[in-house]
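In the numbering used here, the protein residues as written are 1 to 78.
Note that these hints are calculated values from the structure, not bench results.
Every value quoted in this text rests on a predicted model; they were computed, and no experiment measured them.
Just so you know, not all the hints are guaranteed correct.
Simulated pairs of lysine to any residue, SDA-like, Cα-Cα distance not exceeding 20 Å [said to hold, decoys possible]:
#1 Lys34 / Ala44
#2 Lys34 / Ile20
#3 Lys34 / Ile53
#4 Lys34 / Leu51
#5 Lys34 / Phe48
#6 Lys34 / Leu17
#7 Lys34 / Ile49
If you anchor each label on the Cβ, the simulated ranges turn out as follows [to be verified]:
#8 Gln28 / Gln8: 29 to 37 Å
#9 Gln43 / Phe63: 53 to 61 Å
#10 Leu75 / Ser29: 37 to 45 Å
Backbone N, C-alpha and C fix where the C-beta goes; we use that ideal spot for every residue, glycine too.
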Amino acid sequence: MISGFGDQALISIISHLVFIALAWWALQSINYEKFIRGSHVFQARLLFILLSIVIGASVSNFFLDYLLWSQQLPLMFQ
Numbered sequence: 001m002i003s004g005f006g007d008q009a010l011i012s013i014i015s016h017l018v019f020i021a022l023a024w025w026a027l028q029s030i031n032y033e034k035f036i037r038g039s040h041v042f043q044a045r046l047l048f049i050l051l052s053i054v055i056g057a058s059v060s061n062f063f064l065d066y067l068l069w070s071q072q073l074p075l076m077f078q
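All chains, full assembly: derive it from the sequences and hints.
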C-alpha cells in the first residue's frame, strides 16, 4: 500500500505526465490538416494540447483509481 501522501502525489504526477505524453503521441497520428483553415494553425495546436491533457488525465485517473481500489480490496477480507 502507498505509505504516505507524498508517495501518492509523486505517483499521480508521474502518471498524469506519462499519459498526457502518450495521448499527445497518439494524437499525432491524426491527419488534421484538411480540417484547419489557413490562418488557424495556432488554434489547432492549442486544441491538440487541450485534447491531450483531457485524454491523458482521464486515462491516468482511471489507472490511479484502479490502483487504489486494488490496494483497498484486501481490507474487505480482514
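Results of checking the hints against the structure:
At most 20 Å may separate the alpha-carbon atoms for a hinted pair to count; lysine 34 and alanine 44 meet this at roughly 11 Å. Restraint check: the Cα-Cα separation between lysine 34 and isoleucine 20 comes to about 25 Å, which exceeds 20 Å; the hinted pair is violated. With a C-alpha separation of about 23 Å, the suggested pair lysine 34 and isoleucine 53 falls outside the 20 Å cut-off, and the hint is violated. Distance hint between lysine 34 and leucine 51 is fulfilled; the C-alpha atoms sit about 18 Å from each other, no more than 20 Å.
For the hint linking lysine 34 to phenylalanine 48, the alpha-carbon distance of about 15 Å falls within 20 Å, and the restraint holds. With a C-alpha separation of about 29 Å, the suggested pairing of lysine 34 with leucine 17 is violated against the 20 Å cut-off. The suggested pairing of lysine 34 with isoleucine 49 holds, with an alpha-carbon distance near 18 Å, which does not exceed 20 Å. Between glutamine 28 and glutamine 8 the CB atoms are about 31 Å apart, so this pair conforms to the stated range of 29 to 37 Å.
Between glutamine 43 and phenylalanine 63 the beta carbon distance is about 31 Å. The supplied range of 53 to 61 Å is therefore violated. A beta carbon spacing of about 42 Å between leucine 75 and serine 29 agrees with the range 37 to 45 Å that was offered as a hint.
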